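My request is simple: use the sequences and hints to build the entire structure.
There are 2 protein chains.
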Amino acid sequence: MDKLIEEKFLSKLSRYRELSIDYLLKNIPDKEPKQYLYDLVTIYPKRAGKGFRPSLCIAACKIFGGSEEQAMNSAIALELYHNAFLVHDDVEDESDDRRGFPTLHTQYGVPIAVNVGDAMNVLSIRPLMNNLTTLGPDLTWQIFLEIEHMVTESVEGQALELGWRKDNICEMTEDDYLRMILKKTCWYTCIHPIRIGAIIGSEGKVKADVFNRFGYYIGAAFQIQDDLLNLEGDKEKYGKEICGDILEGKRTLMLIYLLNSVNKKEKKFLSSYLNKPRIERAADETEYIMDLMRKYKSIEKGRVAAKNLAGAGLKEFYTLFSAFPETEEKAFLENMILYMINRDK
Amino acid sequence: MDKLIEEKFLSKLSRYRELSIDYLLKNIPDKEPKQYLYDLVTIYPKRAGKGFRPSLCIAACKIFGGSEEQAMNSAIALELYHNAFLVHDDVEDESDDRRGFPTLHTQYGVPIAVNVGDAMNVLSIRPLMNNLTTLGPDLTWQIFLEIEHMVTESVEGQALELGWRKDNICEMTEDDYLRMILKKTCWYTCIHPIRIGAIIGSEGKVKADVFNRFGYYIGAAFQIQDDLLNLEGDKEKYGKEICGDILEGKRTLMLIYLLNSVNKKEKKFLSSYLNKPRIERAADETEYIMDLMRKYKSIEKGRVAAKNLAGAGLKEFYTLFSAFPETEEKAFLENMILYMINRDK
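Chains H and W, in that order, give the protein sequences.
At position 160 of the first sequence the residue is numbered 1088 (this note's numbering), and the sequence of numbers has no breaks.
At position 293 of the second sequence the residue is numbered 1221 (this note's numbering), and the sequence of numbers has no breaks.
Treat the hints as calculated values from the structure; they're not laboratory data.
Predicted model, so just to flag it, every value in this text is computed and none were measured.
All residues carry an ideal CB built from backbone N, CA and C; glycine is no exception.
A portion of the hints provided could be inaccurate.
As the list claims (entries may be wrong) - When the alpha-carbon atoms are kept at most 20 Å apart in a straight line, the in silico DMTMM-like pairs for lysine to aspartate or glutamate are as follows:
| id | chain 1 | residue 1 | chain 2 | residue 2 |
| --- | --- | --- | --- | --- |
| 1 | W | K962 | H | E1076 |
| 2 | W | K962 | H | E960 |
| 3 | W | K940 | W | E1254 |
| 4 | W | K954 | H | E1076 |
| 5 | H | K1094 | W | E960 |
| 6 | H | K954 | W | E960 |
Unchecked claim - Label pairs and their in silico Cβ distance ranges:
| id | chain 1 | residue 1 | chain 2 | residue 2 | range |
| --- | --- | --- | --- | --- | --- |
| 7 | H | D958 | W | I1097 | 33 to 39 Å |
| 8 | H | D1066 | W | S995 | 45 to 51 Å |
| 9 | W | K1133 | H | R1107 | 47 to 53 Å |
| 10 | W | N1096 | H | K1094 | 20 to 26 Å |
| 11 | W | E1076 | H | E1102 | 40 to 46 Å |
| 12 | W | D1103 | H | D950 | 34 to 40 Å |
Unchecked claim - Short, incomplete list of chain H residues facing chain W, as computed with Cβ under 8 Å:
| id | residue |
| --- | --- |
| 13 | K936 |
| 14 | Q1086 |
| 15 | G1091 |
Set out below in structure tokens:
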């Protein structure tokens, strides 16, 4: 990615992020109970997230002729929902760090974190209701249906992943992974943000299904890149424990590649490591798994998969958007695809 | 409560319960992932709950001239939401039993239970959307606003209770307790079920705020009775560990009475017991707290408080409903108040 283009892209991403986080924080009630609820609701949103989801929604809305203001309520609902999902996901994965700081349950305990996540979910409903004034009843209703589908897909994907871990499933194919990640990540990270933005911008005229494949490609590329950073990123930039995914037994594409490459003895070791409670997984065992990943080139293969998916996303982008004028937002969306697999945090 | 009247009441309660649970179960998607999601979603609803919330909603709807069918979508949304709340509440309280069987997280682990609770929350949205066909857009929207308020109050009440436990607060008054329980229990257990039923039955014409005080009285009476059963009920009937609340450090009205009655030495013991992790609370210590409750008559005082609240609820009932014809549903609602404080499960 060209340095100048990247800077322009990052500055737009950061502007969209700030716009939506400011508006999101204004939507958090300024009332009691603060100490164990509303103050905690703002913790993850205030940390340096990337703001992908609101940015995708706003950009798609503008490409289809809408304004930032029209997209804003839906954009912050997406971001609130995402943060709620992270709070519960961190509990479910027993993660230590999030965005460079301890996870919410590490700081406040599981009970309060679960309740804060629930609060963030209900808080995401209010901006969707506020759409009524800005977008009218038909679009408001349509967006509700989008959100309901989005949340359903996410909990289904999460159930698959948690089930694999609980039953210590070690026989999975790349297709199993992609189906899971479509549900768990792609719908809420890419497909629905773009669909909702396009629905608002086009005043409900767009056939939103045309974006599903595009959002799937870039969402899957995004998730694989995220898991690659977890394996070999810079903790300062990435904001999570490096190798945390291995410690958590998370079924990443790289782990699945590895499970399908190793010999019998190594497979037995992997399966027994993954079967242990997290606390019993020793550092040298985790390091050995990293060695195996290097030996069997699981990380390189993951990088190729992410690049291929991003390439397919780019091709889909040209099919979908070539007839649109060359606006800043169109360039932003195109660069988002490249950034997703080139980012280092 | 007269035996015949009670039997009639119980048979109506059980009919409403069955109607709504049947309809609720029909609304659970028959699709994958079943093993770690949709099958688990049905576990709590299938256990022998009492069905208070859907029954209150249906009865209020009929009193105001509506039909069972009109109330049904909202009734099952209330029940689904209640069950979602229980799943997360059990995780937050580290409870062992629910309705006579192990809690969901005890059976499937915290990660899967948190996700199943999230799924139940999103599943409760669909029946509310189905109101559009049966009730039209205005009522559908009004009920959404009711539900949003209801969920907000519940997470705020839950935050208060969890915060008290986390900081081991031992200085609370009866008023603090009642404020907490209004938020945590009364809105979603009584106030909103009645409000929503009345809104549907009256086609949106009723001023729903008139029911707030009534629902508060009977909701608080209900919660105190529930906590009394936890202290001295029959485990077979009640379906939870007896004294589980003490073990969990739950700030019940009886515990608050006790904290305000004991001498310095006993207070120090209580505070240190409540400050320990649950696992370190010994059985003989828990038994000693029961002795203290007997010594200081905390249980009797709790029983009096529940009876007074139910009495106030009954008075409010006559003010609100005396002008209504003497229908079966009106009698059902009246008897519900008596049953709430006389029930043994």
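Status of each hint after checking the structure:
With a C-alpha separation of about 19 Å, the suggested pairing of W:K962 with H:E1076 holds against the 20 Å cut-off. For the hint linking W:K962 to H:E960, the alpha-carbon distance of about 39 Å lies beyond 20 Å, and the restraint is violated. Only pairs whose Cα atoms come within 20 Å are accepted, and W:K940 paired with W:E1254 is accepted, the gap being roughly 16 Å. In summary, the hint linking W:K954 to H:E1076 is supported, as the alpha carbons are separated by about 18 Å, within the 20 Å threshold.
Restraint check for H:K1094 and W:E960: the C-alpha separation of about 17 Å stays at or below 20 Å, so the hint holds. Taking the CA atoms of H:K954 and W:E960, the gap is about 39 Å. The hint is violated against a cut of 20 Å. Judged by the Cβ atoms, the range 33 to 39 Å given for H:D958 and W:I1097 is violated: they are separated by roughly 23 Å. At about 28 Å, the beta-carbon gap between H:D1066 and W:S995 misses the expected band of 45 to 51 Å.
Remark: the range hint 47 to 53 Å for W:K1133 to H:R1107 is upheld by a beta-carbon distance near 49 Å. Look at W:N1096 against H:K1094: about 33 Å separates their beta carbons, and that is not inside 20 to 26 Å. Checked against the given bound of 40 to 46 Å, the beta carbons of W:E1076 and H:E1102, roughly 41 Å apart, stay inside it. Distance hint for W:D1103 and H:D950: a CB-CB separation of about 38 Å, consistent with the stated range 34 to 40 Å.
With a cut of 8 Å, the hint placing H:K936 at the interface with chain W is violated, because the nearest CB-to-CB distance is about 38 Å. Satisfaction of the interface hint for H:Q1086 is found here, the shortest Cβ-Cβ separation to chain W being roughly 5 Å, below the 8 Å cut-off. Satisfaction of the interface hint for H:G1091 is found here, the shortest Cβ-Cβ separation to chain W being roughly 4 Å, below the 8 Å cut-off.
Of the numbered hints given earlier, the model fails hints 2, 6, 7, 8, 10 and 13; all others are met.
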